[in-house]
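K.L.:
Mapping of the sequence shown onto the working numbering: residues 4 to 140, in sequence order.
These are calculated hints, taken from the structure and not from any lab test. Please note: incorrect hints may appear among the correct ones.
As the list claims (entries may be wrong) - Here are the simulated BS3-like pairs of lysine-lysine, each with C-alpha atoms no more than 25 Å apart in a straight line:
id, residue 1, residue 2
1, Lys88, Lys74
2, Lys122, Lys60
3, Lys114, Lys88
4, Lys119, Lys130
5, Lys88, Lys60
6, Lys114, Lys61
All values derive from a computational prediction rather than experimental measurement.
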Amino acid sequence: MVKNPGKVGGNRLSGDRTLYERLGGYDTIASFMGKYVKLIRADRRFARFQGGRSNDKKMRDLQLNIDYMCKVTGGSSYYMGRDLKTSHAGLGITREEWDANVRYMEEALEKCKIPKREKEEVLAFWKGFRKDIVEGE
Numbered sequence: 004m005v006k007n008p009g010k011v012g013g014n015r016l017s018g019d020r021t022l023y024e025r026l027g028g029y030d031t032i033a034s035f036m037g038k039y040v041k042l043i044r045a046d047r048r049f050a051r052f053q054g055g056r057s058n059d060k061k062m063r064d065l066q067l068n069i070d071y072m073c074k075v076t077g078g079s080s081y082y083m084g085r086d087l088k089t090s091h092a093g094l095g096i097t098r099e100e101w102d103a104n105v106r107y108m109e110e111a112l113e114k115c116k117i118p119k120r121e122k123e124e125v126l127a128f129w130k131g132f133r134k135d136i137v138e139g140e
């Protein structure tokens with residue numbers, strides 16, 4: 004489960020808006036996550052993660068990604084997936100694949116015209132996921 008998601012991007016006690024709110028909420032996050040997943044799926048380096056999966060499973064995975072991003076940015080979505088370390092264990096994700104993943108997230112944020120401050124915040128914690136996703140880190 005996600006730890007302290009309400010603290011990301013805003014302090015609710017002081018009235019600051021969360022990163023979720025500043026991004027534009029669910030619809031904006033769903034948009035950039037959809038673009039990100041589309042970029043990943045188009046890259047042959049990531050084909051080994053797509054084999055043998057139905058369209059329904061792919062849509063379920065996208066929804067889990069959207070829910071996770073909503074939660075960690077301070078939204079009220081309920082994330083029902085496993086923690087990142089567990090869900091990526093054994094996949095053998097390399098540093099090269101991770102770096103491409105970060106570039107695709109940056110590209111998706113740019114395509115959605117996410118403002119600089121929010122884009123930098125999303126990328127900062129996205130890069131922080133590396134230790135739980137890349138094998139041997």
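K.L.:
Take the hints in turn and mark each one as holding or not.
P.N.:
So, going through the hints one by one against the coordinates:
no.: 1; hint: Lys88 x Lys74; result: 17 Å, holds
no.: 2; hint: Lys122 x Lys60; result: 28 Å, violated
no.: 3; hint: Lys114 x Lys88; result: 28 Å, violated
no.: 4; hint: Lys119 x Lys130; result: 16 Å, holds
no.: 5; hint: Lys88 x Lys60; result: 20 Å, holds
no.: 6; hint: Lys114 x Lys61; result: 22 Å, holds
Comparing the model with each earlier hint shows violations of hints 2 and 3; every other hint is respected.
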